[in-house]
Amino acid sequence: MLLYVVTYDIPCDRRRKKVSDLLEGYGQRVQYSVFECVLTTNKYWELRQRLRKKVKKDEDSVRFYPLSGHTLPKVEVWGGLPVVQIPGSVIV
Amino acid sequence: MRSLYVSQQGCYLHLRHEMVVIKRGETILDEVQLPLLEQILIFGKSQITTQVIRTCLQRDIPIAYLSRMGYCYGRILPIERGYRYLSRYQQQLSATERLIVAREIVQAKLRNSRVILLRQQRRRSSEITALAIQSLEYLVSQAAQANTVEKLMGLEGAGAASYFSAFGECLTGAGFTFMGRSRRPPGNPVNAMLSFGYQVLWNHILSLIELQGLDPYHACLHQGSERHAALASDLVEEFRAPIIDSLVLYLVNKMVMNPNEDFDYHNGGCYLNDIGRKKLLRAFLQRMEEKHKTEHGDDQPRWDLLTQQIKAFKQFVYSPALGYKPYLIR
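If you're matching them up, the sequences are chains A and B in order.
For the first sequence, the working numbering gives the first residue as 16, with consecutive numbering after it.
For the second sequence, the working numbering gives the first residue as 264, with consecutive numbering after it.
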């Protein structure tokens, strides 16, 4: 499991909505176009593959920053949501 | 990864992009990220839309339908999943491999029973309990050397006998006397609670075995038959004392249960009535929802403990040389 910071800059409303809907499934929105996702390698590859189909590389920009366990505790947060945690089970 | 347990009645699950939205009437109870889900368990009467079902099938997320008591009616699995390969490996396990695991399971059961008695001994010491602790210790060492499954079953029986003789000593709630285990039918309130508790736990384990795609009819310790899901009986052993026995101890000693009002006597036995069953189930679910630390250091509900063990058994089926490590309480 690694924490990935995914950011995007997409001018087209339609594509931006699709990308953000997809990312909502994998992580937590921490700023308008910044997501934090805790993912296994498999899930990360799945996310990349699915995102790839929604993004136009010549117009859009998407960035993935993996955070190592070394730098993770050094993350500073000023305001907004706390850093995303490993997802657990849910009982309703 | 995570499981979704829907234990409330009358919920409605639908899909919104990558999220499963759980609604009851107009209120949204929760939203769960579908890509991070591993399995969905529906207890009782809740609805799932076809869209959710279809997406779960595409993403290889099994859905299990259970009764409120935890009996598994069946499950929804993608067409390419299910027993088949795994079950073939399971059938190919050699007698020696199965014996080694059976040994581990019996030892774990005896050890866990011993720890429960040790904890009670610290609270309120008695000679009978001290004796039972000693004999359980001895039986663990015997079980480590047992060379047939029959011998193991014998040791397990001997362990249960001395354990339950001391178990009665630990029950301090007024109106609950317990001399020994009786079942089919259970003879008194404590036996009724134990029988019902074991049954609920057994059903949960069977459902989880189904979800993991193992064949429940091939086991190591118990003899399977067409009707007896022996693997559930195998895997329930290590959890009996830590989950059900300690729950019964708590319910009796904290006077949660009422010996006169929560039980019915019929067919020559003692059974929990509606009120009693609800009390026990509520306490059971609460206990299963309590968080505990896993080896990876994250907090998970106790449910995941069961799933972990079933996955461990699956690992054993894939590579028997590595063996199976049962659950041990500290």
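Because the hints were derived from the structure by calculation, they are not lab data.
Incorrect hints may have been included.
Stated by the list, open to error - Listed next, the in silico SDA-like pairs over lysine to any residue satisfying Cα-Cα at most 20 Å (straight line):
| no. | chain 1 | residue 1 | chain 2 | residue 2 |
| --- | --- | --- | --- | --- |
| 1 | A | 58 | B | 271 |
| 2 | A | 58 | A | 69 |
| 3 | B | 542 | B | 355 |
| 4 | A | 58 | A | 68 |
| 5 | A | 32 | A | 57 |
| 6 | A | 72 | A | 49 |
| 7 | A | 33 | B | 355 |
| 8 | A | 32 | B | 542 |
| 9 | A | 33 | A | 17 |
| 10 | B | 554 | A | 46 |
| 11 | A | 58 | B | 281 |
| 12 | A | 33 | B | 554 |
| 13 | B | 286 | A | 48 |
| 14 | B | 556 | A | 16 |
| 15 | B | 574 | A | 57 |
| 16 | A | 89 | A | 32 |
| 17 | B | 556 | A | 103 |
| 18 | B | 556 | B | 588 |
| 19 | B | 588 | B | 448 |
| 20 | A | 58 | B | 554 |
| 21 | A | 68 | B | 318 |
| 22 | B | 577 | B | 355 |
| 23 | A | 33 | A | 73 |
| 24 | A | 32 | B | 286 |
| 25 | B | 556 | A | 101 |
| 26 | B | 286 | A | 86 |
| 27 | B | 554 | A | 100 |
| 28 | A | 58 | B | 296 |
| 29 | A | 58 | B | 299 |
| 30 | A | 69 | B | 322 |
| 31 | A | 33 | B | 556 |
| 32 | A | 32 | B | 294 |
| 33 | A | 69 | B | 280 |
| 34 | A | 68 | A | 48 |
| 35 | A | 33 | B | 278 |
A quick look at each hint next to the structure:
{"no.": "1", "hint": "58/A x 271/B", "result": "30 Å, violated"}
{"no.": "2", "hint": "58/A x 69/A", "result": "17 Å, holds"}
{"no.": "3", "hint": "542/B x 355/B", "result": "43 Å, violated"}
{"no.": "4", "hint": "58/A x 68/A", "result": "16 Å, holds"}
{"no.": "5", "hint": "32/A x 57/A", "result": "24 Å, violated"}
{"no.": "6", "hint": "72/A x 49/A", "result": "18 Å, holds"}
{"no.": "7", "hint": "33/A x 355/B", "result": "48 Å, violated"}
{"no.": "8", "hint": "32/A x 542/B", "result": "47 Å, violated"}
{"no.": "9", "hint": "33/A x 17/A", "result": "24 Å, violated"}
{"no.": "10", "hint": "554/B x 46/A", "result": "30 Å, violated"}
{"no.": "11", "hint": "58/A x 281/B", "result": "14 Å, holds"}
{"no.": "12", "hint": "33/A x 554/B", "result": "35 Å, violated"}
{"no.": "13", "hint": "286/B x 48/A", "result": "28 Å, violated"}
{"no.": "14", "hint": "556/B x 16/A", "result": "17 Å, holds"}
{"no.": "15", "hint": "574/B x 57/A", "result": "18 Å, holds"}
{"no.": "16", "hint": "89/A x 32/A", "result": "31 Å, violated"}
{"no.": "17", "hint": "556/B x 103/A", "result": "12 Å, holds"}
{"no.": "18", "hint": "556/B x 588/B", "result": "18 Å, holds"}
{"no.": "19", "hint": "588/B x 448/B", "result": "33 Å, violated"}
{"no.": "20", "hint": "58/A x 554/B", "result": "25 Å, violated"}
{"no.": "21", "hint": "68/A x 318/B", "result": "18 Å, holds"}
{"no.": "22", "hint": "577/B x 355/B", "result": "13 Å, holds"}
{"no.": "23", "hint": "33/A x 73/A", "result": "17 Å, holds"}
{"no.": "24", "hint": "32/A x 286/B", "result": "24 Å, violated"}
{"no.": "25", "hint": "556/B x 101/A", "result": "13 Å, holds"}
{"no.": "26", "hint": "286/B x 86/A", "result": "39 Å, violated"}
{"no.": "27", "hint": "554/B x 100/A", "result": "15 Å, holds"}
{"no.": "28", "hint": "58/A x 296/B", "result": "12 Å, holds"}
{"no.": "29", "hint": "58/A x 299/B", "result": "8 Å, holds"}
{"no.": "30", "hint": "69/A x 322/B", "result": "19 Å, holds"}
{"no.": "31", "hint": "33/A x 556/B", "result": "37 Å, violated"}
{"no.": "32", "hint": "32/A x 294/B", "result": "19 Å, holds"}
{"no.": "33", "hint": "69/A x 280/B", "result": "14 Å, holds"}
{"no.": "34", "hint": "68/A x 48/A", "result": "18 Å, holds"}
{"no.": "35", "hint": "33/A x 278/B", "result": "15 Å, holds"}
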